[in-house]
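Build out the structure end to end from the sequences listed, making use of the hints.
One line per chain: the protein sequences are A and B, in this order. Going from the first sequence to my numbering is simple: count from 1 and add 5. Going from the second sequence to my numbering is simple: count from 1 and add 5.
Some clues are possibly wrong.
The list cannot tell twin chains apart, which means a pair is met if one copy fits it or any two copies do.
Subject to a maximum C-alpha distance of 20 Å in a straight line, what follows is the list of computed SDA-like cross-link-like pairs (lysine to any residue) [as the list claims (entries may be wrong)]:
no., residue 1, residue 2
1, Lys68, Arg8
2, Lys64, Leu14
3, Lys64, Ala47
4, Lys37, Ala188
5, Lys68, Cys43
6, Lys37, Arg171
7, Lys37, Glu70
8, Lys68, Ala109
9, Lys37, Gly189
10, Lys181, Gly131
11, Lys37, Ala53
12, Lys37, Lys181
13, Lys37, Gln49
14, Lys181, Ala119
15, Lys64, Gly131
16, Lys181, Glu40
17, Lys181, Ala29
18, Lys181, His19
19, Lys37, Thr190
20, Lys68, Lys181
21, Lys181, Leu33
22, Lys68, Glu142
23, Lys68, His113
24, Lys68, Asp27
25, Lys181, Gly115
26, Lys37, Tyr185
Simulated from the structure, these hints should not be mistaken for lab results. Keep in mind that this is a model prediction, so the values were computed, not measured.
Number of protein chains: 2
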Amino acid sequence: MARATQGLLTAEPHLVEQVITDDARINLLAEKCEEHACSMLALQSPVARDLRTVVTAIKAAEKIERMGDLAKHVATTARMRYPTPAVPATLVDQFAEMARCGVAVCEHLGQVIAAPTGGDFRALAGADDRVDALHREVLDAVGLADPPYPIQVAVDVALLARYYERFADQAVSVAKRLDYVVAGTMPDEPPT
Amino acid sequence: MARATQGLLTAEPHLVEQVITDDARINLLAEKCEEHACSMLALQSPVARDLRTVVTAIKAAEKIERMGDLAKHVATTARMRYPTPAVPATLVDQFAEMARCGVAVCEHLGQVIAAPTGGDFRALAGADDRVDALHREVLDAVGLADPPYPIQVAVDVALLARYYERFADQAVSVAKRLDYVVAGTMPDEPPT
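Here it is, written out as structure tokens:
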């Protein structure tokens, strides 16, 4: 998503192509992850925390795969409009911040996946709230702009903002699952 | 989604409220489904087809829960614009057909979940292709309309079309999983 955003906001086509290639790799990795998890279920009959870990791996792999799709959607939108930037200069800051929040959650997730500690869900939900606020801000800016943005720009921006919002949602949802692995109970839903 | 669409296209607020209530119920049911599946994994250590069925239940519950969210998004968009219809008269037919395709896949899914037979994935992928084509048609209509739609209408329509597209995607993805339960191997990806 970091690379897709750089491609989107600077209209650099080579970054965009890399994202599209990487998405295919993420899809394969997610599939392997699920296969491996199912083998463990079949062969080792895990229980308690081990079982929660394996079920979480199955669900997290799918969510992370979906996050790759969303980054690809950002990349393909950038490519479709190239060499015109898909995001107007007036909204670049909001998109850059949505990306930063989403990517920060991902980086944190990477650490928590490697060394599950639990209790991180609430901190990450704060980043998700910020992305939700920026998402609304972008939609309001599009609805109220005077003179209005061209229709194509308005539509692109609305869809792009949604991709970022979903990306952060999925990342936080993985974090919530990781909390569940450690605690055995699901944390409360983030405010929506 | 049938009810959300009726609410969207006829601007009848009581239908919309029902969808929002039902979404909360779907969320609870999905949670119970996962809990039950995890109990089965822990207590019965299923293997082979039984294991595939339980893992499929976990993944399908999440996808169906997500489909409820998408129907709720349609409903809340209708409510936000009430009493103005969110979809302009010129695009009502496309939305009605997207809804019909998505709902037909769901009804079929209901039957296949009750009595898994496999091999239905390819037939359902056809409905998904039709929704994808309508999705593109709506986006093109919005991009090319002359005189242009008001910005708010264009943005609503683009997001709504995406909700229907995702709804059908998820439904077909559940169908694919059900094929997997029966066959033990995943069917090929639908063309994207």
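Problem set entry | Which numbered hints fail | 2, 6, 15, 18, 22
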